Amino acid sequence: MSLNCWFDKMKTNLFLSIIIPLYNSQETIGKCLDSIYSSNYPRNKYEVVVVDDCSTDNSASIVSGYPCKLIKLNKNSGPAAARNSGAKKSKGGILVFIDSDVVIGKNFFNITASSFNKEIVCLTAINTKKSNYNLTTDFFNLLDHFVFLKSPQYAMLPCTSYCTVKKSIFKDLGGFNENYKKSHVEDLELGLKLMNKRYKIYLNKKLKFTHLKKYSFLGFLKYGFLRSFYRIKVLLNTKDIRTTSNYYPLNTSLLFLVLVLVGLGFLLNKVFFLLCLIPLILLFLHNFEFLKFLKQEKGLVFAIISLFMIVAQSFIWVIGIAIGSISFFLGDKY
1 MSLNCWFDKM
11 KTNLFLSIII
21 PLYNSQETIG
31 KCLDSIYSSN
41 YPRNKYEVVV
51 VDDCSTDNSA
61 SIVSGYPCKL
71 IKLNKNSGPA
81 AARNSGAKKS
91 KGGILVFIDS
101 DVVIGKNFFN
111 ITASSFNKEI
121 VCLTAINTKK
131 SNYNLTTDFF
141 NLLDHFVFLK
151 SPQYAMLPCT
161 SYCTVKKSIF
171 KDLGGFNENY
181 KKSHVEDLEL
191 GLKLMNKRYK
201 IYLNKKLKFT
211 HLKKYSFLGF
221 LKYGFLRSFY
231 RIKVLLNTKD
241 IRTTSNYYPL
251 NTSLLFLVLV
261 LVGLGFLLNK
271 VFFLLCLIPL
281 ILLFLHNFEF
291 LKFLKQEKGL
301 VFAIISLFMI
311 VAQSFIWVIG
321 IAIGSISFFL
331 GDKY
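Residue numbering for the sequence shown follows our numbering, beginning at 1 and increasing consecutively.
Pairs of lysine to aspartate or glutamate, DMTMM-like flavour, derived with a Cα cap of 25 angstroms:
#1 K206 / D138
#2 K181 / E27
#3 K167 / E47
#4 K89 / D101
#5 K31 / D144
Now the in silico label distances, taken between C-beta atoms and shown as ranges:
#6 K333 / L274: 38 to 46 angstroms
#7 I305 / F273: 21 to 29 angstroms
#8 G174 / L274: 48 to 56 angstroms
#9 I278 / K31: 45 to 53 angstroms
#10 A312 / L277: 13 to 21 angstroms
#11 N44 / I169: 20 to 28 angstroms
#12 G263 / S61: 51 to 59 angstroms
#13 V260 / I169: 36 to 44 angstroms
#14 G299 / V147: 14 to 22 angstroms
Treat the hints as calculated values from the structure; they're not laboratory data. The structure displayed is predicted, hence computed values, not measured ones. Glycine included, each C-beta is placed from N, C-alpha and C at the ideal position.
When you get a sec, could you build the whole thing from the sequences and use the hints?
Rendered as structure tokens:
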């Protein structure tokens, strides 16, 4: 056996600790676990640790029907604390964090294990294009897929829908920051800690998962608000504004400029209303490739409607960033 073949075999025999934070996910946790236990990865080379964060539905009962380790927290503590608890009780040297509404393919863990080398300590993936729920969910999933597809190979932020990290490094960094109780920022905060230590986060675009979460339009706006509200606090806390993609920052900045010009139009001179056309045109040009992608995937009507979705999302991010910043400077750091 050649040295390369031997090394590849050793990597596919890495012991993986798969950690799933669980909270009121009775609709999806069974599908998530079914996909994990259907994996082609050797069964004796992974464990599944599910951490129930005081679910009030039937989630924990569903999990008890699977051969995994179930940990129940004494109080609702948030996904960061749940993931940390799972990491502490795990046996493997590689921690695989997967959300309870994620489904993976049969070769997912084989690709995960074979992706590691001495330079890569953290691995992340992209969601599939598969989505036929409703217009809002389809837009959200296709947007996430497109943004990660266009991101560089070495990302700045892991996606905690799926994130794999060496346990020794995770422990050295102090794990996820449990001060952040919501599920919108722990990936950003961990990613910044990894980057500050000059560790590489590898975005393997061959690794694809399916996200089962569905969004209504109001749910989509709420998600965008909370994500921007809490993320600006992380950036202000760390004084670090690096991001993997310029997609969201540029959209938000352009729409903020539109709102400023509209305000000036009302307060000073109507000529500012005409100037609004400049950032609006730039917003369209910035999203042109994404809109072409949407047209290819879902048709012209879907792409046209998505223009409204892009503006709505950018607007809600402006609001979230503004209110989050005010909240931060008033003393609410988390």
